[in-house]
Amino acid sequence: MSEAAYLAGLVAAGAGALLGAALPARHRVPGAALASAVACLAALLGAGQVLASGRPFALRLAEVLPLTGAELSLDPLGALFVAATAVVGLAVSCYSVGYGAHAPAGRATTATLPAFLATVLLVPAAASVATFMVAWELMALTSLLALLADHRRRAEARDAAQWYAAMTHAGAAAILLGLVLLAAHAGGQGFTEIAAHRGRLSSPIASVVFVLTLLGFASKAGAVPLHVWLPRAHPEAPSPVSALMSGAMVNLGVYGILLVGEDLLGGGPLWWWLLVAALGVSSAFFGALHAAASTDAKRLLAYSTVDNVGLVLLGVGSAGALAAGGERAVAGLVLLAALFHLLNHSLFKGCLFLGAGAVQHAAGTRDLDRLGGLARRMPATAVLFGIGALAISALPGLNGFASEWLLLEGLLHGFASRSAVTEAALLAGVATLAITGGLTATAFVKALGVGFLGQPRTEGAREAKEVPPSMLAGMALLAAGCVALGVAPGVVLPGLERAVSSGLAGGAPRAARPGLGLALASWRGAVQPALVVSGLLAGIVLAWGALRLAPRPAELRRPRHAEAWGCGRESQTARMEITATSFSEPLQRVFADVLRPDHDLEVTHAAESRYFPEAISFHQRVDDAIERVVYRPVISAVARWGRVARRVPNGSVHRYLAFGFAALVLVLVVLA
Amino acid sequence: MRSGAELAVVEMAAGVVLAGAVLALWRKDLRALISLLGLQGAALATLAAALCVHDRDIGLGVVAGVVLLAKGLAIPGLLARVVRADPGSRETAPLVNVPASLVAAAVLVVLSYLVADPLTAVFPDPLTRLAPLGLATVLVGLFVLVTRRKAVSQIVGLLLVDNGVALVAFLLTAGVPLLVELGASLDVLLVVVVLQVLATTMRARFGHVDLDQLRELHD
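If you read the sequences in order, they're chains A and B. Residue numbering for the first sequence follows this note's numbering, starting at 1 and increasing by one per position. Residue numbering for the second sequence follows this note's numbering, starting at 1 and increasing by one per position.
Hint data in this document are derived by calculation from the structure and do not stem from the laboratory. Don't take every hint at face value.
[As the list claims (entries may be wrong)] For each label pair, taking beta carbons as the anchor points, the in silico distance ranges come out as: (1) A:A173 to B:R81: 54 to 60 Å; (2) A:P66 to B:L78: 46 to 52 Å; (3) B:V180 to A:P66: 29 to 35 Å; (4) A:L177 to B:A19: 50 to 56 Å; (5) B:V107 to A:Y656: 20 to 26 Å; (6) B:V103 to A:L65: 50 to 56 Å; (7) B:T173 to A:P649: 34 to 40 Å; (8) B:R84 to A:A108: 56 to 62 Å; (9) B:V107 to A:L177: 35 to 41 Å.
All C-beta atoms in this analysis are idealised placements derived from N, C-alpha and C, irrespective of residue type, glycine included.
Please build the complete structure, drawing on both the sequences and the hints.
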């Protein structure tokens with residue numbers, strides 16, 4: 001039953017791609033969106049059944065792939081990723097109807113979105129090396145095409161696509177090497193076969209496999225320092241694609257790490273997982289800091305994805321390290337928190353990217369410094385974006401709080417661990433969680449406050465209109481998910497527990513008690529968000545009622561007049577309000593060593609005297625320091641090498657013939 | 001087992017083909033190279049005829065006729081016309097001098113004997129033992145292609161390679177099907193015609209047929 005629903009989902013998504021390519025322009029987008037929505041519902045049904053029952057399914061489609069056949073199986077861990085993808089995909093399909101109605105999309109653009117969705121749904125179910133690599137590469141390819149949708153209009157999209165293509169192909173090559181090595185040493189390419197024969201692997205081989213695949217998966221997940229494609233690709237992609245990339249595709253990097261590290265290799269030594277946790281810590285800190293410094297709304301969200309994936313990786317790494325030290329109960333709790341956070345991130349980041357797309361749609365820009373006052377013009381978008389922003393800032397009553405609370409509890413309970421190294425890592429994790437919490441709140445106060453409140457700064461923002469209902473419905477679906485999982489996180493915990501016990505090699509004991517709220521099973525610690533929320537709401541209602549009923553002081557009832565001596569401040573204009581750049585200025589000064597902002601101050605003096613400036617212009621850019629320090633030298637070295645290599649083919653026919661002849665003779669000599 | 005006289009003819013013909021290729025490195029005069037090609041063509045035709053007599057295969061007889069016409073007469077005739085049209089470019093103008101070329105040829109012959117072992121081991125037979133001669137002709141032909149500058153000597157190199165391939169085919173497969181040999185010979189003839197036109201046009205445009213002068217065309 002579950003496999004039928006899942007396969008139906010895949011087929012429907014494929015049909016959506018065909019519809020998007022074949023239908024006439026007027027019906028193209030709705031047709032593809034309808035098929036994608038059906039696909040997501042079916043996949044969600046299949047994955048939900050696996051999560052609810054804990055029974056995986058396995059399928060073998062011998063005709064699909066030549067020579068090996070496609071092997072599919074969905075265990076609760078994979079089902080969790082399918083479910084997260086399906087929820088984001090459902091919202092994105094709904095949203096794309098309105099989005100496509102405004103910006104007319106071509107056949108290729110319309111067809112790639114369902115195709116991309118299908119591949120993201122497919123990867124977690126792949127159950128052999130060949131199937132996995134095919135699905136993985138299809139995902140890379142379709143996402144690249146989806147990213148290129150705007151390439152005719154924007155040179156930045158082409159640039160972003162180049163970065164993405166290079167990073168994702170290098171990553172896929174590393175994964176392929178790792179998995180092929182694994183399959184060769186385990187004597188089979190089916191995942192169950194490999195897991196059964198992992199005893200044959202020597203520990204250096206296992207480590208090489210893990211590190212190679214970790215490189216590939218971490219680059220897909222966007223972990224620092226392999227994240228450089230992410231802040232370019234996510235802003236440049238059309239918003240439905242960025243939501244799907246950030247809310248679904250990036251997750252699969254985490255899935256890959258768990259798949260290889262736990263499922264196939266069965267745990268492994270402590271240092272593997274400390275490496276993962278270190279990647280997580282650096283990503284969380286770096287991502288949160290850049291998010292706080294960004295002024296482009298989608299770039300901010302992209303860096304925030306780096307931050308949240310970092311937190312998930314921190315959880316995965318800590319869980320692996322604790323499990324390697326034999327602390328299975330805490331490991332289970334930390335992994336539960338990490339997977340819960342991943343699910344929550346899909347919900348709120350999907351909602352935020354869709355919201356940013358709505359803003360870009362309505363106001364024509366996504367630069368926060370050119371927005372403002374949108375709450376009055378597009379109230380529904382503002383409320384939905386606000387829910388996402390509050391959720392990602394981990395405010396109680398919303399889902400971000402639930403998972404971050406669990407993660408913090410898990411890390412703190414891990415301090416009873418026997419290994420001092422693990423304890424140090426956990427301490428770093430707790431500190432990271434604290435600092436990223438603050439930085440994320442700063443970033444989203446900026447996004448919400450500068451973007452939606454105050455007065456409009458440009459004509460585009462002043463003219464903004466509310467987006468069509470289908471786009472609002474897409475956002476509302478995800479925002480409702482954020483609220484539901486925030487008020488009653490206990491609903492999804494049983495499914496997550498099954499995912500944890502299939503994700504952690506050797507299983508894990510129950511970490512949370514059943515119930516509507518959060519309650520730890522083996523330790524003291526419980527939170528009832530429903531109570532917190534109802535208390536808060538009651539407090540707000542009481543305070544509001546009290547203010548309304550209380551007799552107002554006499555001076556407040558008197559009519560107000562404008563101040564006579566207002567220091568020239570007759571009215572508030574947009575120029576007087578704080579901008580995104582100035583809001584993040586103090587943080588940039590504090591973290592100048594990490595962010596390394598470029599300032600450019602130009603002063604034009606009056607001709608008469610240089611003591612009287614005529615015009616002052618100030619520009620500031622915050623580029624990615626890692627890109628500048630690590631990647632630029634590599635790129636320029638490759639370019640230099642390329643220039644040298646261009647001298648080899650000098651146009652002489654004889655030289656080309658000589659190359660061929662020399663190669664032939666060399667082969668013959670080797671054979672002889 | 002094959003009879004002595006025919007085998008001796010085959011051995012002789014194969015030897016002549018390789019000798020022609022090596023001599024092509026030694027002679028600098030293009031007219032001499034062209035007559036060497038004619039000699040090779042005749043030797044290949046003789047070889048096919050000897051095989052025809054031995055195998056009582058009329059098809060091979062036709063092949064021998066085609067080879068004689070195409071490789072022995074038509075192709076050298078066409079090339080001779082190109083050279084006659086431009087008396088100034090009779091020299092091959094090698095990039096590697098003649099003694100070094102001959103040493104290289106010797107090395108290539110040894111190499112082809114070394115690598116042909118697996119080929120001869122498949123059917124140990126007096127004919128297959130001659131296969132290295134064909135391989136060596138191919139390699140020497142490639143060497144001519146790489147080291148000779150004039151367009152016509154390039155064509156000669158290409159034809160040497162083709163003759164080597166034909167020789168290997170005759171020796172290893174005990175007779176190429178008529179159709180294949182017919183097609184191959186006509187193809188080569190066509191290539192020569194195209195190259196002849198090309199060389200003539202080059203001379204008309206640039207006043208020479210030195211390929212190294214053409215490097216400005218790249219990019």
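Status of the hints after comparison with the structure:
| no. | hint | verdict |
| --- | --- | --- |
| 1 | A:A173 to B:R81: 54 to 60 Å | 55 Å, holds |
| 2 | A:P66 to B:L78: 46 to 52 Å | 48 Å, holds |
| 3 | B:V180 to A:P66: 29 to 35 Å | 32 Å, holds |
| 4 | A:L177 to B:A19: 50 to 56 Å | 52 Å, holds |
| 5 | B:V107 to A:Y656: 20 to 26 Å | 22 Å, holds |
| 6 | B:V103 to A:L65: 50 to 56 Å | 54 Å, holds |
| 7 | B:T173 to A:P649: 34 to 40 Å | 37 Å, holds |
| 8 | B:R84 to A:A108: 56 to 62 Å | 59 Å, holds |
| 9 | B:V107 to A:L177: 35 to 41 Å | 39 Å, holds |
Checked against the numbered hints listed earlier, the structure breaks none of them; every hint is satisfied.
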